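One-letter residues, chain by chain:
2 protein chains.
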Amino acid sequence: MADTQNTPEKHDKLSTEPYKGVRDFYPEDMAIQKRIFSIWRDTAEKYGYEEYSASVLEPSALYRAKSGEELVNEQTYNFTDRGEREVTLRPEMTPTVARMIAARRRDIMMPARWYSIPNLFRYEQPQRGRLREHWQLNVDIFGVTSLNAEIEIINIAYDIMIAYGLKNTDFEIRLNNRKLVNHINKDVFALDQDAAHKLSKILDKKAKINEETFVSSVKEIFAERSEDAKKFLALINSNNIEEFISHLPQCSANHESVREVREVMAGLERLGITNVSFAQTLMRGLDYYTGIVFEIFDLNPENRRSVFGGGRYDDLLSIFGNEKLPAVGFGAGDVIARDLLETYSGLNDTKNTSADVAICPINENNTPYALDIAEKLRDSGVRTVIDFSNKKIGDKIANANRRNIARVICIGDEEVANGKLTIKVLSSGEETITNESDLLSHFKE
Amino acid sequence: MADTQNTPEKHDKLSTEPYKGVRDFYPEDMAIQKRIFSIWRDTAEKYGYEEYSASVLEPSALYRAKSGEELVNEQTYNFTDRGEREVTLRPEMTPTVARMIAARRRDIMMPARWYSIPNLFRYEQPQRGRLREHWQLNVDIFGVTSLNAEIEIINIAYDIMIAYGLKNTDFEIRLNNRKLVNHINKDVFALDQDAAHKLSKILDKKAKINEETFVSSVKEIFAERSEDAKKFLALINSNNIEEFISHLPQCSANHESVREVREVMAGLERLGITNVSFAQTLMRGLDYYTGIVFEIFDLNPENRRSVFGGGRYDDLLSIFGNEKLPAVGFGAGDVIARDLLETYSGLNDTKNTSADVAICPINENNTPYALDIAEKLRDSGVRTVIDFSNKKIGDKIANANRRNIARVICIGDEEVANGKLTIKVLSSGEETITNESDLLSHFKE
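The listed protein sequences correspond, in order, to chains A and B. Numbering follows the working numbering, with no gaps: position 90 of the first sequence is 102. Numbering follows the working numbering, with no gaps: position 323 of the second sequence is 335.
So that you can see chain A by itself, here it is in the shape it has in the complex (with noise of 0.2 Å):
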């Protein structure tokens, strides 16, 4: 050890380690993550989305807007450039697809039906699904009032739980409206702003805090008003719409915010879609939400949580002084994704086959025409690796096999002077003997 001054070189052996709390994706698991990423893709464009894609730089201006400066400070990548501009990594998309939307305002047809698969940052302690650095699905409906919006946005949540594997009874589809939550707070318990957003905040914390601390806090709001403290809790531990409604005032049950939530159960039940409920808690978290909120929450006895969600926004364009746009949208993570996968559908389905055939040549020099079959092979889409490797010819084989590679073609000399190649089945053991002419037949299935 009395060298290590002299040399440092030597024993300062660099990490293989990655970045604290992000992930490397080695092919295995990169099979896993590009089955997650098919599901998103193919359910999105389904139903006519278009992908875009965005830089994960991002100025921090564009968080500042609308998230409130804490979530900027705390939670986010922020550095400042050599030029003097303050940069983030990316927290969320939406203010993204916000900014992209408003640049081309008068571009882009409307409606928009967008969605993305970014890398997201948060600056926080890693721990069991909650990384710094996590790929999330954004879609988005731009330009439509209608709450066929929020049925089209839900209907394509659902089917990607579907396609996890789950049935309809493993999840259920929460719904709530930002509408409904501001008439009660402002029209029925006539609360001021300050007392609105307190309890708007608790609510969002609900599940995460006890009963009692709940209760407590909203009995503080309504400080000496305790008959609508009480009124207010009789709301909340509703079970359903029907009882919900019971509580208020006749007006209210006709109320617009209340017809939007029915209107989305219906919508959705015609489409056979009938996990749903109404979740007079949910807040979303993020203020940008103007109407329709929801979340996909699981049902698993072990493991029961929110899974994804979202809402509209109809608002978020005025941060760049365009007039309002109609917005619905949800995120989904791939974390949970995979989570959702391997309890669902097993992850062993995506098994890694990195070809369709291994070409062995047998000696060196079997090599070029290894190669010329190869070629052959690959100029009809077929997956062909080539063993380079100075290995036994059983060696070859078995190493194929490990690979799951479900074939094998040895070249020997005999095959070099007749062309005749075999094709060996690797499960089965099956044979079977081809010119080099009807090769391409072997691999049409």
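Watch out, some of these pointers could steer you wrong.
Same chains, same names: a pair is fine if it fits in one copy or spans any two.
Unchecked claim - Derived EDC-like pairs: lysine to aspartate or glutamate, alpha-carbon spacing no greater than 20 Å straight-line:
#1 K436 - D425
#2 K32 - E98
#3 K432 - E443
#4 K432 - E184
#5 K32 - E96
#6 K179 - D54
#7 K220 - D204
#8 K218 - E232
#9 K218 - E268
#10 K32 - D93
#11 K46 - E63
#12 K25 - D327
#13 K46 - E57
#14 K46 - D199
Simulated from the structure, these hints should not be mistaken for lab results. Just so it is clear, the structure is predicted and the values come from calculations on it, not from any experiment.
Model the placement of chain B on the given structure of chain A, informed by the hints.
Showing chain B alone in chain A's frame:
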């Protein structure tokens, strides 16, 4: 203007510009990006390469180890996180893949054929084709000592150029060997390490400086050995490998490094790849190359340029304290790919069609039936969009046409009543009437 101070929120409209030097990908841009990525994926996978990925954030130490301090400090995005970790937005992918391979050296089956499509960051003044962020295909084979690795990697690079739409007369593959450069510097001219390094740097810059500066720089390095300088310049000015060798001492003509160049050229020729030339000045910048280096050179007379390249780097794992591992790879960028596609294939092929069919309800009350039809089509993988607007039916059809949607199905009261649907092909105006039960058969092609 007097009230600016008091109501800054109203006047400070947020900019809709992206961060400097990065790009927004609107759906029409993303369609081209996806076309490039799918050329890359399809080509790499045809050769049995598996996709991997990693975070854009890496510990800064990873780049200090081999690239030299200069690159880390001047040209990369670095910042210090709140845990005092130095973080870099990756400027290239090779250190990352070396880190990943080193971390699981014993578990990864060799040879490993891996590819990735990372976004990379460089801190520099944005200019045409040199943005701060770009995407790059990285293709690498690990664990193959023989030149079969170089031949396969160059074959993949060649196939990608062909897939961009170039003919083999449109571009050239240029080859050199770092071992040959070292042999000439050390064995032929007996230059010390410092002089050899300087000479390599000048060679690397040759294309960017004028002939006079180049010659005088070479003469300066050789100093009083003017005869050697002359010999060296004769080597540099040789037009092909035979002429080059004629300027070398007899024993050098059979040097391993020359043999390697000849063998790669012969191997490629056997595969029908004949647009290959020996390029004695080719260095490919990065320090980690140890053997064959190559580049793809665009011969377009209006835009002669290096398009992309790579080479062998057998020592990179040693920075992690691992034993050496043979590795050959290349990187190809998205900006030049788009440029080449535009020049040689045209970008109009990349038509942005968000859906296969548009369903247009004539009245709002036809929407539920329209949704049923849409669901049926989507379940069979037909990309189906519904027009929820209140526009007249003629405008709905015109909108579908503007969006390049090929077919339209209009749903009015009559269609709801009798289930007879008319599929209209917008390009020809041709109409087909079908029953709901036969609907899918019209979308099978």
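Ascending list of hint numbers which this structure does not respect
Hints 4, 7, 9, 14 are the ones this structure does not satisfy, whereas the remaining hints hold.
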